[in-house]
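What follows is each chain in one-letter form.
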Amino acid sequence: MIQAPPTKTRPTYYEELQARGHSRRDFMKVCTSLAAYMGLEASGVAQIAKAMETKPRLPVIWLHFQECTCCSESFIRSSHPIVSDIILDQVSLDYTETLMAASGHAAEAAMHKTMEDYYGEYILCVEGSVPTGADGAYCCIGGKSAEQILQETAAGAKAIIAWGSCACNGCVQAAKPNPTHATPIHKLVSGKPIIKVPGCPPIGEVMAGVIVHVVTFGTLPELDGAGRPKAFYSKRVHDSCYRRPYYDAGMFVESFDDENAKKGYCLYKVGCKGPSTYNSCGIIKWNNGVSYPIQSGHGCIGCSEANFWDAGPFYRRMQSFPGFGIESNADEIGLMAAAATGVGIAAHAIGTNLRKSKLIDAHINEGKESEQEL
Amino acid sequence: MATHALRRVFVWELPVRIYHWLNALAILALVATGLIIGNPPAIQTGGEAYDNFWFGWVRYIHFIAAYLFFFNFIFRIYWGFVGNKYADWKNFIPTSKAFFKEMWEVIRIDIFLARNKEHMAVGHNPLAGFIYFMTFIAFMVQVFTGFGLYAAMSQSFIAGLFAWVPAFFGGDFGLRQWHHIAMWFFILFAMVHVYLVFYHDYVEGRGEISSMGGGWKFIEEEAFEHDEKLHQEKAAKKRVKS
Ligand code: SF4
Ligand code: SF4
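Which chain is which? The protein sequence lines are A and B, in order.
Throughout the first sequence, residue numbering follows my numbering, covering 4 to 377 in sequence.
Throughout the second sequence, residue numbering follows my numbering, covering 251 to 492 in sequence.
Incorrect hints may have been included.
Stated by the list, open to error - If you want the footprint, here are the derived chain A segments under chain B, 3+ residues with CB under 8 angstroms:
#1 198-212
#2 238-251
#3 270-283
#4 314-321
#5 332-339
#6 350-356
#7 363-371
What the hints assert, rightly or not - One-sided excerpt, in silico: chain A residues whose CB lies under 7 angstroms from chain B:
#8 P224
#9 G228
#10 M254
#11 E257
#12 T344
#13 K359
Don't read these hints as lab results, they were simulated from the structure.
None of the values given here were measured: they were computed from a predicted structure.
Don't be surprised by glycine CBs; every beta carbon is placed ideally from N, CA and C.
Make the full structure from the sequences, and use the hints.
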């Protein structure tokens with residue numbers, strides 16, 4: 004049930020965990036593994052623990068727009084549900100469409116209360132893109148368009164976390180021809196720090212790491228040029244891929260049912276986008292570290308990269324070349340251009356001999372004359 | 251039939267010639283390895299991964315050639331300011347109306363093959379110069395996209411300078427595609443370039459091909475006299491004016 008807190012004094016995360024019956028030991032385990040994921044030093048564990056013990060929890064508003072909720076699903080299935088427990092908890096999370104118990108006016112009221120009481124303090128998490136086509140009619144909640152809601156909530160947010168590829172780059176609904184004008188958050192909100200956590204969905208542990216960083220340190224994690232937390236997105240899937248030795252050795256799967264596929268060779272030639280994709284899949288993996296796509300024999304489709312739906316096909320490394328048919332790629336177009344150039348050169352050579360014959364003959368005769376004289 | 255007296259002109263200085271051949275070598279290596287990296291052949295299908303590194307070597311050669319290409323290019327830009335008049339940057343970037351007028355001349359004579367005419371250009375003709383300017387832009391595209399792709403896997407300072415490029419292109423996908431497409435420009439350019447060198451040598455007989463070896467071209471005495479006349483006329487006009 005949603006309960007807007009009565010005063011500004013909120014319990015700390017640790018207090019809430021204790022109230023929920025978690026042991027100190029569980030708490031320390033979470034702090035340790037999060038510190039490891041976040042790439043902190045050993046002392047980072049204590050820092051996280053201390054922050055969780057002393058700081059009152061940050062108010063969080065978590066919005067859902069044009070999306071499939073896979074980010075939330077990923078988050079609540081992270082290997083340390085304690086984190087999602089305290090963030091998505093009925094007490095902690097002030098508003099989220101999919102998980103809150105309240106509905107209708109009560110839910111809206113709770114959100115507005117948080118927005119007013121914690122103006123400039125709350126963290127706004129956004130899942131999904133915002134359709135700006137047809138005046139926003141494609142996604143309306145409580146009589147307001149997604150864009151209206153976003154602008155209203157963003158105004159008082161301390162920082163915004165864009166969860167998943169939808170919020171970061173529009174994902175599938177923004178693929179050509181993008182009929183609803185699905186727009187990522189950073190194109191609509193300016194003047195607020197935005198953390199992009201792309202992926203379809205992002206890895207649950209990554210989401211936990213990001214949010215714990217924000218709530219414990221009160222600062223944004225260090226971001227790269229594209230606005231993603233460096234701790235999780237500075238390496239390509241390819242850089243941490245256990246099949247990398249096969250890549251360097253030039254040993255490739257040629258088709259999914261060949262001998263090489265059975266032997267576990269590199270999936271580069273069957274379309275693996277690992278070399279162009281920045282994510283932690285090779286390290287943190289999925290489903291509590293059980294496996295990840297490449298380990299299961301399927302190439303990376305680049306789900307955390309902008310525009311990955313249009314950068315296909317998924318099962319070929321070379322991108323298709325727009326305007327020349329679905330199957331054409333840069334090499335095929337290049338070969339055609341080279342053939343055309345060759346024909347042009349041949350035509351020019353023939354033309355030269357026809358139209359400049361006098362000139363050429365004169366040179367040749369002059370040369371012959373000199374030859375005789377020597 | 252009158253024969254022409256030819257005078258030896260030193261057109262391409264040694265640094266320009268070295269630049270040219272290093273560039274040719276680097277581009278050849280880059281294109282060959284680039285094509286393999288884009289679409290590796292299935293040559294290694296047995297044995298253990300730790301016994302082999304051929305794809306790694308192909309990429310290694312690509313990266314070394316890229317550094318060579320990059321520094322060579324920087325050097326050539328420098329030489330455009332200190333080299334002789336045929337190496338000067340003004341050969342490439344149009345700075346006057348006359349440049350365009352002469353460019354049209356070249357198009358008329360060498361592309362549309364005006365009957366039995368030849369164009370006199372001792373260094374780069376303006377059309378060629380302008381196309382080289384385009385190639386410099388292609389060089390830049392290749393350097394930026396290439397080092398942009400390389401930055402993520404390199405600790406080097408130089409590659410680090412290009413770390414911002416992927417975000418600018420909206421990620422590695424687009425970057426890789428542009429890098430690949432731009433490669434084809436180099437292939438087409440090389441085809442036309444080699445053909446035209448033969449063409450000029452064949453039609454004009456001034457030693458076009460060998461000029462990139464010894465640096466010499468052989469220009470008819472009349473051309474100097476013609477030039478002399480022009481100079482004198484100009485000087486006379488100036489005198490009249492003053
Ligand atoms: S399977 Fe994909 S990520 Fe792994 S080494 Fe091959 S190309 Fe790279
Ligand atoms: S391996 Fe690639 S496609 Fe799969 S989840 Fe990771 S980033 Fe996304």
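Evaluated hints:
Interface restraint, the segment 198-212 of chain A with chain B: violated (0 residues with C-beta to C-beta distance below 8 angstroms; minimum three). Figure legend: the segment 238-251 of chain A, annotated as covered by chain B; annotation consistent (7 residues with Cβ-Cβ distances under 8 angstroms, at least 3 required). With 7 residues carrying a beta carbon less than 8 angstroms from a beta carbon of chain B, the segment 270-283 of chain A meets the three-residue requirement, and the given coverage holds. Here's how the segment 314-321 of chain A fares: 3 of its residues keep a CB closer than 8 angstroms to some CB of chain B, so the rule of at least three is met and the hint holds.
Chain B is given as covering the segment 332-339 of chain A, and this holds because 4 residues of the stretch bring a CB closer than 8 angstroms to a CB of that chain, at least three being needed. By the rule of at least three residues with a Cβ nearer than 8 angstroms to a Cβ of chain B, the coverage given for the segment 350-356 of chain A holds, with 4 such residues. Counting residues of the segment 363-371 of chain A whose beta-carbon sits less than 8 angstroms from any beta-carbon of chain B gives 6, enough to reach three: the coverage restraint holds. Given hint, A:P224 at the interface with chain B, is violated; its Cβ is 17 angstroms from that chain's nearest Cβ, farther than 7 angstroms.
For A:G228, the interface hint holds, since its Cβ comes within 7 angstroms of a Cβ in chain B; the closest pair sits about 4 angstroms apart. The criterion of a C-beta within 7 angstroms of any C-beta in chain B is met by A:M254, whose closest approach is roughly 5 angstroms, and the hint holds. Checking A:E257 against chain B by beta carbon gives a least distance of about 6 angstroms; that is within 7 angstroms, so the hint holds. With 7 angstroms as the threshold, the beta carbon of A:T344 comes within range of chain B, its nearest partner Cβ sitting at about 5 angstroms, so the hint holds.
With 7 angstroms as the threshold, the beta carbon of A:K359 comes within range of chain B, its nearest partner Cβ sitting at about 5 angstroms, so the hint holds.
Of the numbered hints listed earlier, those contradicted by the structure are 1 and 8.
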